[in-house]
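J.: Given two chains presented individually in distinct reference frames, assemble the corresponding complex, making use of the accompanying hints.
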Amino acid sequence: MTTATATTTQVYQLFIKATPEQVWDAITKPEFTTRYFYAARIELTDGRRRAYGPDGELWGDSAILEEDPPRRLVHEWQALYDPELAAEETSRVTWEIEPQDDGVTKLTLVHDRLDGAPKTAESVAGGWMYVLSGLKTLLETGEPLAG
Amino acid sequence: MTPDDLVFKALADPTRRFLLDRLFERDGRTLTELESELEMTRFGVMKHLRVLEDAGLVVTRRQGREKLHFLNPVPIRLIHDRWIDKYKERRVSALLDLKTQLEESA
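Chains as they are written, first to last, in the working numbering: chain A, 1 to 147; chain B, 1 to 106.
Calculated directly from the structure, the hints in this document are not laboratory data. We put the beta carbon where it would ideally sit given N, CA and C, even for glycine. There is no bait here: all hints are sound.
To give a feel for the contact side, a few chain A residues facing chain B, derived at Cβ under 8 Å:
hint, residue
1, T9
2, V11
3, Y12
4, Q13
5, L14
6, T108
7, M129
8, L132
9, S133
Next up, chain B with everything else stripped away, as it sits in the complex (with noise of 0.2 Å):
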């Protein structure tokens, strides 16, 4: 799977997007503290955390005795760059393409 692949997979599952908010919230989250906001066993929050931390969104470092998860935005960035700008920028010409021609023919 390329980069982009693991990233979409990643994002493609609600938990995951569950995690990746609270640590949005408040970075640097111990497995113990994530798993107390949800509904699930320590072993599938471990499961999802290794998606998102293949994926790169979650970098985890040692800090003394505690590993804490860290948000990574830099691929949600380079996917913002790639697949979401792209078209973004057509959209908004395209409306301005549209009042443009409203305008003269009024």
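For reference, chain A alone in the conformation it holds in the complex (with noise of 0.2 Å):
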């Protein structure tokens, strides 16, 4: 995937067998984001988006610009991990989340204003894969996604 030219908005989305509850729970509290989003505790307080490593260092620190439970949630990105990227200007993420019939929700992760940040865009794409499958096999088996 490392020939692609990185483009300044990313879509994802899919379905889980999950209500928008289950779903904005999995996104915004650390119980949940441990298991599955590279083992980092996630944490909505006072308008900010922290993400925090296993040893507690800080990955993320960005503010929310929209928090609408259990439908929508819209926050800066600036990956704090590496100094490359945390050199970047800040990007955007928008979490959409709509019921569909029968039980399953529609979850839409859109990532822009990636233009001053080409090395995040790149490095966010397989990322952003590998969270979402490990976010819809968490909730629909329980499990962390293996491997």
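T.: As structure tokens, then:
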């Protein structure tokens, strides 16, 4: 996937057999995020979305732009776990959660405003895929993704 | 049809694979842009895009007055996890077994 031209907007969409509330909890509560999001403890407090690594190191500390549980979460994105990425401009992540029929929820993740963050764009492309398929597996089976 | 069926059906057509490759090169294109790369009517391209959308391989989003088409890589990843990874590992381990056997008998 490294030959693709970095684009300024990335869109990921998937269907999960879970309720919107379950999806919301899974993306906003540390007891869930540690199980699929590179073991990160993600917390939404005081208008900030903070992510901590397993040893308590700060991986991310970004402003929340919109918070409408369990439907919509918009926050800025700046990776602090890598100095090269941390030096790039702040981008934006939007989570849209929409209930479908039969207890299925559609989750759309849009990572945009990546014009000033080409290395971040390249770095997160594979990362979001890993995170989202892990999230789906966790919610549908109760188990983290193997491997 | 199951979600996997829709993905395999969508991928089983050269025009639709061509459209995915164009979006892989540069994401977020309008119908007009995509149409200009194909010897096909606008209606024909729309039909193919609809099949890709139904399979979840293409997601459209409005930006101002424009409707942009984005490649959604998640369904292919899920197919990969389900149908390719598994068999790849078995192949690799079969080759490793062969190597061990050959080296032991040498």
